[in-house]
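Heads up: the protein sequence lines correspond to chains V and A, in order. Residue numbers for the first sequence follow my numbering, so the first one is 1 and each next one is one higher. Residue numbers for the second sequence follow my numbering, so the first one is 1 and each next one is one higher.
Take every hint as true, because none was put in to throw you off.
Below, in silico cross-link-like pairs of lysine to aspartate or glutamate (EDC-like), each with a Cα-Cα straight-line distance of 20 Å or less:
no. : chain 1 : residue 1 : chain 2 : residue 2
1   : A       : Lys86     : V       : Asp302
2   : A       : Lys86     : V       : Glu304
3   : A       : Lys60     : A       : Glu41
Rather than coming from a laboratory, the hints here were simulated on the basis of the structure. Small disclaimer: the values here were computed from a predicted structure and weren't measured.
Letter by letter, the chains look like this.
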Amino acid sequence: MSTSHADDPATGTTIIDGEVHTGESREDLLEYLPDDVRSDEEDGYAFAPEQFGPIPWDGWDRTAGGRISWNNYSVPEAEAFDETREQFGIDTVVFSPGPAFRISLIPDHRTRVAYMRAYNDLVVDRFARGDGTYYAKMIGLPEHPEETAAEIERVGDEDGIVGLFVTDVGPTQPLGHRRHDPLFEAAEAAGLPIVLHSTTGLPPSFPAAGMNPKNFLEYHTLSHPLAKMWHATSIIVRGVPERFDVDFGFWEAGFSWIQLLANRMDREYIERPNEAPELTKLPSEYLSEFYYGTQPLEEPRDPEHLQTIIDMNELNDQLVYTTDYPHMDFDAPMAVTDHEGLREEQKRKMLGENAARLFGL
Amino acid sequence: MSDTDAESLERVCDAADVTEESPAVVEFDGTKLAVFAVDGEYYALDAVCPHQGGPLEEGKVEDGCVYCPWHGWQFDLESGDHVHGKASATTYEVVVEGDDVLVRAST
Chain V
1 MSTSHADDPA TGTTIIDGEV HTGESREDLL EYLPDDVRSD EEDGYAFAPE QFGPIPWDGW
61 DRTAGGRISW NNYSVPEAEA FDETREQFGI DTVVFSPGPA FRISLIPDHR TRVAYMRAYN
121 DLVVDRFARG DGTYYAKMIG LPEHPEETAA EIERVGDEDG IVGLFVTDVG PTQPLGHRRH
181 DPLFEAAEAA GLPIVLHSTT GLPPSFPAAG MNPKNFLEYH TLSHPLAKMW HATSIIVRGV
241 PERFDVDFGF WEAGFSWIQL LANRMDREYI ERPNEAPELT KLPSEYLSEF YYGTQPLEEP
301 RDPEHLQTII DMNELNDQLV YTTDYPHMDF DAPMAVTDHE GLREEQKRKM LGENAARLFG
361 L
Chain A
1 MSDTDAESLE RVCDAADVTE ESPAVVEFDG TKLAVFAVDG EYYALDAVCP HQGGPLEEGK
61 VEDGCVYCPW HGWQFDLESG DHVHGKASAT TYEVVVEGDD VLVRAST
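Isolated chain V (complex conformation) (with noise of 0.2 Å):
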């Protein structure tokens, strides 16, 4: 990624980074995997991407004809990203899966699950410093709940992790089907938020089944925040706030979407409340007391829109600044710093006071 030239960002704001992809190779992964399975990995996959292995090639040009540039690789380790958090003025990191948050798109049952745990130790080794400046989330895979819940047991309370992550696109029912209790329990248990993260692979699944987009700009447009409102639409309709003690956070999709769901799911549940008998609240306030990654911000005509739509859905206390960095749709901290239309507060609420809540930072 290339440095930038902007001034020094704001001081005297702490500013937490909700996400910096971890930069795994497929042969840093391998090092953490069980003997046997190594074998098989390092002899296999004939004709298949290099760099990719088991993880499915989407096809898909992210770089806009190469008119936008990154390395997906460019943090091996949590220290690779001193130089850029410095100059972007970030005080902490909570990392998040890099290309291994495609390993629940792997075909084969086995190795998937043991990608999983291989990326788990090295997130542990190589990144969940627990330092003050370094946290990261681990990684789990809501198609293997009993799994997931084992890694939470396993991995949960180590230095530094801070949440678990699961990409919400891929599994094959929604969020809040009963099939998933085993990883909320263990997450409570833990005491760790589940961050929802969605890709732009292509999954047999919702919502990327389907839709038949034409081309990135038409996936990419719909993919995440259609996953995110499949996603809150079932965890708030089937009680899983109520059951469980744990906090949900939606990244990457922005928050412009939260009005509607909320809007039209108020007068879905009054309608019919006999269908979530166990909400205690109107699902706008659910919806208002989880937490949500601000990247990409949303770029409306008139920027202050953006102030309205976090005021008009009681979100100044729910909103994460999370950079992406290195994807090719990051925001700098000058996109919170130097926004026009975000009120003072509000930014300094976004850039840090927000996610030490929710990661107990």
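Keeping the supplied structure of chain V fixed, place chain A upon it in accordance with the hints.
Frame of chain V; chain A shown alone:
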């Protein structure tokens, strides 16, 4: 050229430092500029993308425009205008005299 015109021009680099493949980055009046050469014409813009601060000198140049490598924002090299009207990159007049690239200070 009048004396006043000459005084407001400042040499920023050698013409050889600016190629189509590799724009130059220069300091000018406290600002980093990106100097581009396209089909024998020279352009100078504030190197800091007005969107989020990306390095315009590293952007793809095509059809008289530069694309910021961070988010692909497209700026006309001559006017500095963003093609979708969201912002403008500040432009500076460039004069090439022999081997010297000069930029005129804005008034």
